[in-house]
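The primary structure of each chain is shown beneath.
Number of protein chains: 4
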Amino acid sequence: MSTVTSLIDKYYNADTFPRSLGIELLELAPGYARMAMTINKNMTNFHGIGHGGAIFTLADTALGLASNSRGDTAVALAITINYLKPARIGMQLIAEAREEHLTRHTGLYRINIASSEGETIAVAQGTVYRMDKKG
Amino acid sequence: MSTVTSLIDKYYNADTFPRSLGIELLELAPGYARMAMTINKNMTNFHGIGHGGAIFTLADTALGLASNSRGDTAVALAITINYLKPARIGMQLIAEAREEHLTRHTGLYRINIASSEGETIAVAQGTVYRMDKKG
Amino acid sequence: MSTVTSLIDKYYNADTFPRSLGIELLELAPGYARMAMTINKNMTNFHGIGHGGAIFTLADTALGLASNSRGDTAVALAITINYLKPARIGMQLIAEAREEHLTRHTGLYRINIASSEGETIAVAQGTVYRMDKKG
Amino acid sequence: MSTVTSLIDKYYNADTFPRSLGIELLELAPGYARMAMTINKNMTNFHGIGHGGAIFTLADTALGLASNSRGDTAVALAITINYLKPARIGMQLIAEAREEHLTRHTGLYRINIASSEGETIAVAQGTVYRMDKKG
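Residue numbers (my numbering), protein chains in the order written: chain A, 1034 to 1168; chain B, 1034 to 1168; chain C, 1034 to 1168; chain D, 1034 to 1168.
It does not matter which identical chain is meant; a pair holds if it fits inside one copy or across any two.
Straight line, CA to CA, 25 Å or less: simulated SDA-like cross-link-like pairs of lysine to any residue:
(1) Lys1043 to Asn1075
(2) Lys1118 to Glu1152
(3) Lys1118 to Tyr1065
(4) Lys1043 to Gly1123
(5) Lys1118 to Arg1137
(6) Lys1118 to Glu1132
(7) Lys1118 to Asn1145
(8) Lys1043 to His1080
(9) Lys1043 to Glu1060
Derived by calculation from the structure, the hints in this document are not laboratory data.
Use the sequences and the hints to build the structure in full.
Shown next, in the form of structure tokens:
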């Protein structure tokens, strides 16, 4: 059985793209992850606000850690994101991914993305496929 | 009426986050955009393949250009992405965003993300809200 | 300003398709609706369980009432439903639609569909477009 | 190996809810189904047009037949529908479900819902989970 520490080594430390964006892990538990990212001036779109891809990356990263946190390999099949408010430069975003449902082969996760003041910026939900254990 | 050249200046050249990932504009027309991105070693997840957030960013960028290509401001409300195959390091991805439907206030776009060999990696669809013209 | 009673006349009593399925209104408030439907033997699919279309209809009906409950006309643009557990014949389903976000022109709603024992059967989220008031 | 005729008996003839709405099967092939439904006055919402649940039921029924057409059992995990135009009373709708991707355990289908004159009314996409064969 993996410990949370070894999961952090295996998943968070090896998650190259999110780390390049400064995404931090705040909390990890079975079926749950909470992560943070600050929108900097390299993460904007042509409207001058946080790019949808950067916000999605934070959500997807939290989903990836939450859904792999039980030690089995899970991959995202489908994710829907709803954008509610713009994320301005300098804003710290917190994503919380929670498991809503789990079967042997599939899982459903809901991700809330809010500013550190608690204002919801986006919500997402993702369906994952859980691969068979190799042994 | 904006020309394609001025649209490129206004949108693509000002799209900071995608440019930081090396995303290139291949073609832009009203309601349509085609863009390319090569998965490099900084864009991977803990499985060692292209991160879902990087692939989504390419799709979202193509959606943003296609939906703003008519000169009005459009913002994404909801996007669903389906991941079909892993994108390996070194793979060049091509995203094509096409307008499926347009009303005065909303639009629907479909985005296909394929390898340069034509293998579909992911598909997405996005609903945008078109803001009123300022003048 | 419409009263809840007149909203029920205007919306629930005129909602022909849901009424043909026996869908009942349990509670209506601004941005909120709770409705019930019992899966009967005419609502099954070829697996002998509640058809996805019947379950969706309950969710969509709750979304329609919740999003029109403020007196303005709202129409659904995009809805995503996730099916979690089968609904068996005779099961009473309760759908609760809650407003998660509202702007002048758009709204986001989350719908939970559970058995009367509280077991979640499906979850959905819908984006609506709010039309301009006529006067 | 099942023949198309036995699939029609097993699936379409046993699909109780769609049959109660008069949904007809026009064509069935591996990974593909085309079906028809006419919006009648019992299928409307409080706006007096075809209810989103009735339109979704047509789409979901086509998805169910297409995804089960290979002889294995498939169940929908997540479906997203985008409504583009109202469906008026008397309008015949044609839904075409096509397989976009298939792995051993999952499948992605795209469903187009159009009037018999070819005007697109809604589009949907569904992710299914394919259960293991029993033998």
